[in-house]
Amino acid sequence: MSSTQDHPAKAKAFVANNERAHWHDKALWFVREKRDRMANSLPEWETLREVASEIKSHTIGKLADYLEQFEENATKLGVHVHWAKDDKEHNRIVLEILQSHDVKRVVKSKSMLTEECHLNPFLEKHDIEVIDTDLGERIVQLRDESPSHIVLPAIHIRKEEVSETFEEHLGTEHGNSDPKYLTEAARGHLREKFLGADAGITGVNFAIAETGGIVVCTNEGNADLGVSLPKLHIACMGIEKIIPRLNDLSVFLRLLARSATGQPITTYSSHFHGPLTGGEMHIVLLDNGRSDLMGSNEFRNSLKCIRCGACMNTCPVYRRSGGHSYSTTVPGPIGSILAPAMDSKANKSLPFACSLCGSCTDVCPVKIDLHHQLLTWRGELRKRGQLPIDKWLPMKVGSWVMRSPSLFAMVGSIGRFFLRNMPRWMIYHGLNSWGKQRELPEAPKKSFRQLYNEQQKNKPQAGDKNNE
Amino acid sequence: MSSKDNILKAIRNQFVESVPLPSLDQDWIDYEDRVAHFAETLESVGGAAHVVQSMEQVQEILSQVPQYADAKKCVSTVSGISANVDLNTIGDPHELEDIDFAVLQGQFAVAENGAVWITDRDVKHRVIYFIPQYLAFVVHCPGDAASAIVSNMYQAYEQIKLTGEAEFGAFISGPSKTADIEQSLVIGAHGARSLHVFLVENQTP
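Line by line, the protein sequences give chains A and B.
Residue numbers for the first sequence, in the working numbering: 89 to 556.
Residue numbers for the second sequence, in the working numbering: 34 to 238.
Keep in mind that the hints were calculated from the coordinates and are not lab data.
Among the hints, a few may not be true.
If you want the footprint, here are the derived chain A segments under chain B, 3+ residues with CB under 8 Å [claimed, not checked]:
1. 335–343
2. 355–362
3. 395–409
Even glycine gets a Cβ: it sits at the ideal position worked out from N, Cα and C.
Please model the complete structure; the sequences and the hints are all you need to start from.
Right, dumping it as C-alpha cells:
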C-alpha cells in the first residue's frame, strides 16, 4: 500500500463496461435481498445486533486480558501460540513453522488476514506451493488476480471467464461454462491438492478466550478437509477476533451467515480446540496496526468488524465500482475506513467513495457507524493536509461566499448569467468535476431572493378587502 | 522486549472505556414445532430430515437411498447400521479418500438453522465428517424427536460441554455447497454431496 491509489480512476475503468457494471450491481443486490429475508425472519434481529456490538465493545476494552487468557487456555490444549507485531513478522513465523516441518505443499482456506500480509507470494518465494482451496479464491489465484470481495472473492468474474481459466489450468471442456460442471472440475482438482498437502493454513472467524478454541466458518468444507488430513494446522488471526465466552458464538454465528450470504448459518462452523490427535496446531496472533486503531475514539469501532461483507453488498458505490477499484485487501465501506488507518495518504480517495447514504450502517451486524466514520475520515484527511485542491478549495470558497449575503447575491447572478450564456466548452471542462457525468441544472433568470421580493411587493396587503 | 510484550503494552497504553459484558440470556426465538422447523430449514439448505422410531427404520430408509445402496465403501460409527469399512482399522486418514458413504453420530439438532452438532470424541479420524461423498447423521433422541432439537443457538451452546482436552466439534447444516461462480448455488463443493439426518425417537445413545 505504498503507492497512491485512486478510486475514481479505477472505478472509471470498471464502469466503462456498462453491461458488466450492471451485472455486478445486480449480483450483489441479490445477496443483499437474501440477507434482508434472513434478518426479517428473526424477531430478535435488532437485539442480536445490539448484543453483538456490546460484546465487541467490552472485548476491545479488555483486549489485553482476553488475549492472555486465550493464550493460556490454547496452550493448555496443546496449541503453540505466536505473536506478530506486523505482516513481516507474521510471514516469518509461518515460514519458520513450515520449514521446520519440511513442508513443501500447503492448502489454505479463506483468510483475508493472509491476503493482508501477502503470505502467498512470500511462501512461494521460499519454494512452498500454496493452494487456495475456497473455490472463488482458487479462481482468482489461477487468474493471478486478488479477491474483489471478502466473502465472494470471484464476484467480479463471469462464468465464461471461469470456463476459460479452468480450460487452461484444469483441462475442462472448451466453452462449457455450466457452474455445476466447473465446480465439479474444481472439486476433483482440489481433492488431489488436499490429499497431497503437508500442512493446512486457515483463517479464524472467532477465538474464544475462556476455552482457547477457534472457530472457522465455511460453506465448502475446505478448511476442514485442509486441516484434517495433514498433521500440521496453522491458524492466522488478527487480535480483534477474540470473544470472551463460548456462548458469545451463539450471537455471532446467528448474525454472520445471515448478514453475509443470507443463509441461516454456514454449512460448517468448526470449533478447533487443540490439534488433531498426533498432530500439531499453531495460532499466530497479528497486530499490524490494530492496537493503534484501538487508541482512536473515532475509528475504534471498526475493530468490531466480523468480515461478513454486508456493507459491500449494500453499498451503491461498491456495487457499481467493483472491489478492485479500492486497491485494498478489504474493499467497500469497512475497507475505506481500515485502509486510511494504515496509510491515509495512499488511501485518501477511499473515504470519498461513499454517498453517505448510510445503508452500510443499517445492515452492519455489529452496528459499526460506518458512514459516520467515513465522514470523519474526510475531515481527518483535510486536517492532515492530504486532500486534493479540487476537494477543499471549492468548499472554502463556498463557505466564504455564503457568509456574506451581498457577495452570495452577486456570485449568484454572475453564475446564472454564465450558465445561461456561455458556450458549453466554457462550462464543461476539466476543472468542473461535477459536470463529468452530470448535466448542470438549467439556470433560472431570477434568483429566489429576486422572486420573493417581487412577490412581496405585488402581494395584496392584508386587510385591503376582506378584513372589514 | 518480545512481540507479545510489545503488543500487550501497546494495547494497555490505549485508553478505552470499559463496557459491561451483556447477558446472553435474552428473549430469543422459540419454535412451537421444533421438528417441523428443523426439517424445513434443513431442506432449504439442501439436506433431508427423517423422524424414525428405530435403527431398523434408519437402515430401511438408507437402503432406498441410491448413494448408500450403491456405495462401494461405507463407514458407520453408529451401531445397527451396516458398513464395510471399519474406521478404527484405518491408520492414515488419507486412506479414507474413496469412502462413498458415511453414517455418523450427531449429538443434537438446531431448529433455527438446520444444523447438527458433531464431535470427534470416539471418532478416530475427524476427516470422516468431510471426506465421504455422501453423509448421514443419526441423532438419538431421549424422548420424541423434539427432545433432541433446540430452538436457537443460545440453547445449543448451553448444551455443549467441552472436556478441556483437545477436541473438535462442528455445527454442520446441510451438504457442502458453493455459489462462487456467478452466485449459482452448487451442492457438493469439497465435502459431502448430500446429507440425511435421522432423528431416532426414544433411544439412549
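Hint check results:
1. For the segment 335–343 of chain A, the assignment as covered by chain B holds, since 7 residues bring a beta-carbon within under 8 Å of that chain's beta-carbons and 3 suffice.
2. Counting residues of the segment 355–362 of chain A whose C-beta sits closer than 8 Å to any C-beta of chain B gives 8, which meets the bar of three, so the coverage hint holds.
3. Counting residues of the segment 395–409 of chain A whose C-beta sits closer than 8 Å to any C-beta of chain B gives 0, which falls short of three, so the coverage hint is violated.
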